[in-house]
Amino acid sequence: MLHRNITACVAVALLALSACGDDSGGITADTLPPTDTITAPDTVAADTVAVDTAADTAPGDTSPLDVADTAAPPEPTPVCVAIRGNGELITSHFAALARIAELFGPFEGVAGGSSASITSFLTESMHMHPLLWSCAGGTCTRAQAGARLGLLYKSLFGYLGAMTERDEAVAVSAILGVIQLAKDEGIGELVSADKLTEAWQALVTLFESEDVRGLVNPEVVELLKNSPDKGQHVKDIWNEISSFGGFGAADPIIFVRPGLINFPGLASQLGRIGSFYAGYGAYDEAAWRAFLDGCAEGSVGQSWPIVATIDAAGTSCGARFAALLSAWRADFVPQEATIHNRVEDRVGQHLRTLAITSVLTGQAAVAFEAARAHYVLAEPWTLEVAFADVKAGYWGAAVDVSGVVSNPKGYTDLKTSKALTLGQGKWRDVLSLSPAEPGLARAQALDATRVSAGGWPDLEPVLALKNAGCERVIYLTRRDPASNFGRGVAQLLGASAADDAALYDLSVATSSFSASLSEADGVWCTNWNAIGPTDLSAMMADAYNAPFEVHGDALVPAGPAYAPTTTDANLVGCTPGVVE
1 MLHRNITACV AVALLALSAC GDDSGGITAD TLPPTDTITA PDTVAADTVA VDTAADTAPG
61 DTSPLDVADT AAPPEPTPVC VAIRGNGELI TSHFAALARI AELFGPFEGV AGGSSASITS
121 FLTESMHMHP LLWSCAGGTC TRAQAGARLG LLYKSLFGYL GAMTERDEAV AVSAILGVIQ
181 LAKDEGIGEL VSADKLTEAW QALVTLFESE DVRGLVNPEV VELLKNSPDK GQHVKDIWNE
241 ISSFGGFGAA DPIIFVRPGL INFPGLASQL GRIGSFYAGY GAYDEAAWRA FLDGCAEGSV
301 GQSWPIVATI DAAGTSCGAR FAALLSAWRA DFVPQEATIH NRVEDRVGQH LRTLAITSVL
361 TGQAAVAFEA ARAHYVLAEP WTLEVAFADV KAGYWGAAVD VSGVVSNPKG YTDLKTSKAL
421 TLGQGKWRDV LSLSPAEPGL ARAQALDATR VSAGGWPDLE PVLALKNAGC ERVIYLTRRD
481 PASNFGRGVA QLLGASAADD AALYDLSVAT SSFSASLSEA DGVWCTNWNA IGPTDLSAMM
541 ADAYNAPFEV HGDALVPAGP AYAPTTTDAN LVGCTPGVVE
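In terms of the working numbering, the sequence shown opens at residue 1 and continues consecutively.
Please keep in mind that the hints were generated in silico from the structure rather than gathered at the bench. Not one of these hints is a red herring.
Derived DSS-like pairs: lysine-lysine, alpha-carbon spacing no greater than 30 Å straight-line: (1) Lys225 to Lys235; (2) Lys183 to Lys195; (3) Lys409 to Lys426; (4) Lys195 to Lys235; (5) Lys183 to Lys225; (6) Lys183 to Lys230; (7) Lys225 to Lys195; (8) Lys195 to Lys230; (9) Lys183 to Lys235.
When you get a sec, could you build the whole thing from the sequences and use the hints?
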């Protein structure tokens, strides 16, 4: 879910790339970037990567004949990224991923549910950019492409900062304005005074007003207008308004009551952003090349506000980006009904991608449909579900999701045993369902026999990516135990104490959470829970400079080592076996 703060620019510190050469065969190893201090040239004009052919005794040569004295830096390790959903803090994903991209280059795969499904969609879109691997003069190295990908993540803040309240992504924040209007008009006082007829009229009038119509899920208005017990449903909708964004999981009404956000509409708006970064619509190759070639290298180590001031052939990077964005939107938006939108692409069509939602199957789906029907009629209802009928559903390419379900790695945890394929669905469906967590939206039918209830069931999709074929996986997360929201939703859907421990208990080495941490090759351990959603500078700086716990020596970054790298961060939710 995206909130009002997503449009603000943030300050993050990025890693500057550099490389050191080395001499061998009895020759002193170069350890510094400067040139050698001796004047004698090597005996060949172009050294091999590893060794000089003359007896150098200093860091580098000054002879113009010695054109390649330093070793080529090692190519960074290709990685997949498993992303934990984080609701209104979604922009912290962008900062962390910018750093990870600069360290390891473009990703081999990505996975996430809830808000992380949005991040996964944008990530796949950026990997489709026609110039991601096309540098001036030829094909980019992995490090160069990583710098370009990092710039694309940072430019999201420029994109979102340029939007108005009616434009893509930011439109969701307008729901907060609607809520404030409802409060300002005294609807809560009417409900408290049991003046439910007046409250009903005020809500319907507000939701159908010119300024609000189209922002609110039309199902809410339909429920209010057609309710056989308007008073009861007014109280339900007001309770939702007054607790909006609280992510509570104490009452099963969150599965049957319609949410305020129009998630299908949000999917279309997010599709614009994805289309822009994928090069759909009026793609201006010359403008994009000027931006990426002129700004990517200099953007490493800088926040977007600083990047925006960098001179790129006489024009600032910010001005170049603003111009190409403005021109693209001027062409795309008026005719988007006839232009292919990224949300019509299928998940994993362009990058190994897993998108996740919970799935009610069998009798659980039947129980939901019955409960929903009774709720709409304002009749007594219950939702009794066996947790065995609640699955973790994965969208993606057949070759990837088949691995998630068949479990070639042989994982024995409960979450892996619940894996279910949803096929290679369209992003439009995914973005309408996975971010639609209980409380923000009711459960929605996937088909005649299955129901989606939001992307909470796999918030650490490391094992899924490993089963899908990823060799190295970095888990992007935050410190702290498993969230109370996900555990609460599972309990409402029949999870026992034993199920809870098997999924979430970090003191149990075989739990799904513990196994995910142990199997990750690296854990990017932010502290986003400790930072308020309005403090974007702190949140982004934290995500960009987070401790990075590595398990083994398989991850080789571009350039020098990332300073906060450790083999033991000793942090709950990041370090295997740490529980407090």
